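Visitor: Next come the chains, spelled out residue by residue.
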Amino acid sequence: MATIIIPTPLRKFTQSQFTFETTAKTVGEAINELINCYPELKNQILDEQNNFRPFINFFVGDSDIRTLNKEQTPLGENDVLSIIPAIAGGL
Amino acid sequence: MNNIGFSAEELARYNRHIIIPEFGIEGQRRLKAAKVLVVGTGGLGSPALLYLAAAGVGHIGIVDFDVVEDSNLHRQVLFSKEDVGYSKVEAAKKKLLALNPHIHIEVFNTRLTANNALGIISNYDVVADGTDNFPTRYLVNDACYFLRKPNVYASIFQFEGQVSVFNYIDKNGEIGPNYRDIFASPPPPGLVPSCAEGGVLGVLPGIIGSIQALEVIKVVTGIGKVLSGRIFAFDALTFQTRIFNITKDPNNPLSGNNPTILGLIDYEQFCGVAPAPANAAPIKEITALELKQLIESGANFELIDVREPFEYEICNLGGKLIPLGEIKERLDCIPRDKLVVVHCKMGGRSAKAIELLLELGYHNLVNLKGGIIAYASEVDTSIPKY
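Residue numbers (this note's numbering), protein chains in the order written: chain X, -2 to 88; chain B, 3 to 388.
By construction, these hints were calculated from the structure, which means they are not laboratory data.
Computed from a prediction, not measured in an experiment: that's the story for all the values here.
Even for Gly, the Cβ is constructed at its ideal location relative to N, Cα and C.
Any given hint could be a false lead.
With a Cα cut of at most 20 Å, we get these calculated PhoX-like pairs of lysine-lysine [unchecked claim]:
1. K83/B x K330/B
2. K9/X x K67/X
3. K330/B x K354/B
4. K67/X x K250/B
5. K39/X x K96/B
6. K83/B x K37/B
Okay, the calculated beta carbon distance ranges per label pair [stated by the list, open to error]:
7. T240/B x N33/X: 40 to 48 Å
8. E45/X x E328/B: 45 to 53 Å
9. Q46/X x E84/B: 53 to 61 Å
10. K67/X x G224/B: 45 to 53 Å
11. E37/X x D334/B: 50 to 58 Å
A few chain X residues facing chain B, derived, Cβ under 7 Å [claimed, not checked]:
12. I32
13. P36
14. S60
15. I84
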């Protein structure tokens, strides 16, 4: 199973779960599965046209899916899908 | 570089740097010759400044417009109780020169804006961005790109931190990715809370700000592999540290194939936090002093607090608690037939609540300007600020 790592700002929408296990075969399917499980995440991750929001990045391993096959990027058995959102705190 | 010398006292101070073979006297000379600008003297700026000053960066600039508050002290280790109420940059300068009198500190007691950013940054070799909002993040990024200055970026939220080095020019003269390559556009206002709203574990900026100082030192001295083209992410709760690759986006409006941003822009507007357009219904405001008079006059009005329950526990004005996220479900608790004053911590969430309610036909709402924090400052100083 692949693992999605949920970042801190999104954990309030996943009942404080840090990770999500999935058998999905692509990044897009995995994110849809995650959203089905935690519907409040949808507005955070997808825009009105169901596209990934531009201030949230998805990495399979250490690679940005924009440099791979975007939402069609395949997910392997032991892959880790990280969600990295923009955060701006510093003070 | 060889004309930069050290006194016996400085050589003793920097001895543990100088005896590292990869660093040596040459590394220390580079630090002394360097001009580093730190934007934001908060949770990140505090440890970053302490380490940069201690390390012997010869010229440090500090930009901040704020004053020290009690709520800063759990993480902004540069400041003490005695500094509360005083200018952050002046308090920082005093502390840093006490730590290392062999360096120069230049302070800019102002907000970094599109009008002053290029002028301030142009005199420095490296920028460390430790600000707390998206408009300034994009401003620092763009200004550094136009001036070809490396931008050592760090950011935190609750338990999570990020670090990267943007606009870094490598030995082949190639410029690395910048902030817009990874975060093409900012989140809509309100979607990602600030540390003031969402909180931050006090020690986290200590860790991330120290890593930021490390990357500044690597950029200046040329040692090691700079975090350019990569972003470091740290989760304090799980202790996961991850590094991801960042590539240049050909559609980047600043540095891509067909750039459309050719100079600094209006960053408040870009991030959607500009004042409402003229045709939008204006949000009426009431000041803390006016609210006090309203209470004392015995007027018939409703006070609604749109913060979260844990904030209400810290302090409240006795208003009806309806968190922003529950507004639409609890319209029956919000009267339409009398004046309703809405407040939050600082005025942002209550303005958002009023915008929602205006769309639903409410006309009787006013926003407490500056929120309960303004009330605590201007009316009742016994109310704790958080």
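Visitor: Sort out which numbered hints this structure fails and list those numbers smallest first.
Guide: Structure breaks hints 1, 2, 5, 6, 7, 8, 10, 11, 12, 13.
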